[in-house]
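Start from chain A and add chain B according to the hints.
Given next are the chains, with one letter for each unit.
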Amino acid sequence: MTHPLRIGFIPLVDAAALIVAVDKGFAEAEGLDVTLVREVSWSNVRDKLNIGLFDAAHLLAPVAIASSLGLGHVKVPIAAPFNLGLNGNAITVSPALHAAIMAELDGDRIDPMATALALSRVVAARRKSGAEPLTFGMTFPFSTHNYQLRFWMAAGGVDPDEDVRLVVLPPPYMVDSLASGHVDAFCVGAPWNSIAVDLGIGHILHFVSDILVRAAEKVLAVRQNWSEKNPQIVAALIRAAFRAAEFIEQPHNRIEAARILSAPERIGVDADVIQRTLDGRLKISPDGNMRESSRYLLVAREGAARPDPVQAAWLYAQMVRWGQASFSPEALATAKAVFRPDLYDAALGRKGTAADVPGTIGAFAGPPFDANDIGGHLAAFAIGRRAS
Amino acid sequence: MGAESSPKIVIVDESPIRAAILEEGLREAGFTGVVHISEMQSLLARIYALDPDVILIDLENPSRDVLEQMFQVSRAVRRPIAMFVDQSDAASIQASVDAGVSAYIVDGLKKERIKPILDLCISRFNAFAKLQGELDRAKSALEDRKVIDRAKGILMKLKGLTEDEAYVLLRSTAMREKKKIGEIAQSILTASELLK
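Chain order of the listed sequences is A and B. The numbering used here puts the first sequence at residues 1 to 388. The numbering used here puts the second sequence at residues 1001 to 1196.
Chain A with its partners taken away, still in its complex shape (with noise of 0.2 Å):
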């Protein structure tokens, strides 16, 4: 017997183990017949899922905690068993702020701090002459993106709120935004970022990981209630996607990939542009400087598709730190099961030992996160906008 199924999904790179469980038959292998559903916003994709149009989708985590608490929308309690990318954003420049940059920077081009404190300097420039503020594109209100931002630029001393314009763009919008002057920089999933690059009008400043080491992006999102009555649906999904990112993992594989992530219908961009944002071997400048990076664009490997609830604990904080929640204990605890390895542990038919936590967040500055002590945590942190 066969299950229907209507999964939503935005056309970037971290849908693809999605994507491939699908067009490579491992859903159809584990009895369902998914029909994926390309979407244009994240709203519509949240609310789709939210009022069951969709039965599954490809999220960003910070909506699937949103909209379990509530937050900015209707409240629908989501449940997040499998994880589809981990630090597969970027920070990309304007050929203008990269020299910008360059020219203050002290230390490591890849050091977030240099940078950060680069651009501080940057901003304090441009506030004394009477330039406009810099403005920074970003995906989502809710978003690990908008999260990156705001830590990077705050550790050098920048008020994403005060001394710049942080604005929501959809990410097929970010390439012709940097390119008209709209925005001086973004933070996107790929291919956006190499996409800029080859086009020369973007800098690739940062890969994410360098900010932190584990971030979970996308989620794979079903509404909490559904899955509590469809188990062995959401059990034959997670097996599917598994297998899917197991497969995207093995560099031979990756061609075959690529191609079916590159049709029309799916991400629609050239395949060899997908397979470099595979590979984690990114052209970071239009010159043709290249970089590569093990920690970039996690599927698979170290763990990446069980999801953490130190995750979902970390995307909480941000939204406690920059205003967006208040803090309190339920809303926490809320906010951890979400992400849920029991599910995925069950499906897969694993243990679930203490060593799969990897339970690391690795920022490059403030103190280890601790998820038992958020307040003291954000206190170490000058900038923010908690509610008191």
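Calculated from the structure, these hints are not laboratory results. Predicted, not measured: the structure shown is a model, and the values here were computed from it. Hints should not be assumed to be uniformly reliable.
Here are the simulated distance ranges between beta carbons [to be verified]:
| id | chain 1 | residue 1 | chain 2 | residue 2 | range |
| --- | --- | --- | --- | --- | --- |
| 1 | B | LYS1139 | A | ALA103 | 23 to 31 Å |
| 2 | A | GLU256 | B | MET1156 | 49 to 57 Å |
| 3 | A | ASP111 | B | ARG1046 | 34 to 42 Å |
| 4 | A | GLU28 | B | LYS1180 | 47 to 55 Å |
No farther apart than 27 Å at their CA atoms in a straight line, the calculated lysine-lysine pairs in the BS3-like style are these [claimed, not checked]:
| id | chain 1 | residue 1 | chain 2 | residue 2 |
| --- | --- | --- | --- | --- |
| 5 | B | LYS1008 | B | LYS1110 |
| 6 | B | LYS1111 | A | LYS75 |
| 7 | B | LYS1179 | A | LYS48 |
| 8 | B | LYS1146 | B | LYS1179 |
| 9 | B | LYS1139 | A | LYS48 |
| 10 | B | LYS1111 | A | LYS48 |
| 11 | B | LYS1179 | B | LYS1139 |
| 12 | B | LYS1115 | A | LYS75 |
| 13 | B | LYS1111 | B | LYS1008 |
| 14 | A | LYS229 | A | LYS128 |
| 15 | B | LYS1110 | A | LYS75 |
| 16 | B | LYS1130 | A | LYS48 |
Backbone N, C-alpha and C fix where the C-beta goes; we use that ideal spot for every residue, glycine too.
Below, chain B alone, put in the same frame as chain A:
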């Protein structure tokens, strides 16, 4: 006139025809303050400047995510804007998403005052979708007609039939093969192309 008399409504839609249909409907219903935005660059700045009570946006518009930014705590926000659809209104949410439109209102505008706007919006969006469907069907009917005329011409020439006889042959073949006349006509064109 304040918000109590006629709320200021902004329509964010890249389709000028659909926006015009909606705008007309709203005006007919007595909502006079309607502005259409079709240009997505600096959308937020325009909305702040217009300071609307209600924002309607089509779901095919990626800029919907841009609007969501306005709900966030930020210095840029002068008036908090909340999604209309509250927790109790599942039917409205479903109907509007089905129709392909989403509505946002400023805090404090009464729900009973929004309902007629949203209902109108849903019916106009559905009407537009129907119109679009009819247009597509009319286009394909016209295409079919052209194909059938050419196929008839080929049959008349090759088999020495009258126009009526050629049409009867097409129709009976279509019935026998359980296909549309247009499909049979298309296969005749393809075959004659191959046999040229």
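Going through the hints against the structure:
1. B:LYS1139 x A:ALA103: 23 to 31 Å: Given a distance of about 58 Å, which is not inside 23 to 31 Å, the answer is violated.
2. A:GLU256 x B:MET1156: 49 to 57 Å: About 52 Å separates the Cβ atoms of A:GLU256 and B:MET1156, which means 49 to 57 Å holds.
3. A:ASP111 x B:ARG1046: 34 to 42 Å: holds (40 Å)
4. A:GLU28 x B:LYS1180: 47 to 55 Å: violated (32 Å)
5. B:LYS1008 x B:LYS1110: holds (14 Å)
6. B:LYS1111 x A:LYS75: Satisfied, since the Cα-Cα distance of roughly 19 Å is no more than 27 Å.
7. B:LYS1179 x A:LYS48: Not OK: B:LYS1179 and A:LYS48 at ~37 Å, beyond 27 Å, violated.
8. B:LYS1146 x B:LYS1179: Holds: B:LYS1146 and B:LYS1179 sit about 17 Å apart, inside 27 Å.
9. B:LYS1139 x A:LYS48: The hint is violated at about 31 Å.
10. B:LYS1111 x A:LYS48: holds (23 Å)
11. B:LYS1179 x B:LYS1139: holds (19 Å)
12. B:LYS1115 x A:LYS75: holds (21 Å)
13. B:LYS1111 x B:LYS1008: Since the Cα atoms of B:LYS1111 and B:LYS1008 sit roughly 15 Å apart, the hinted pair holds (cutoff 27 Å).
14. A:LYS229 x A:LYS128: violated (60 Å)
15. B:LYS1110 x A:LYS75: holds (21 Å)
16. B:LYS1130 x A:LYS48: With Cα atoms ~22 Å apart, B:LYS1130 and A:LYS48 stay inside 27 Å; holds.
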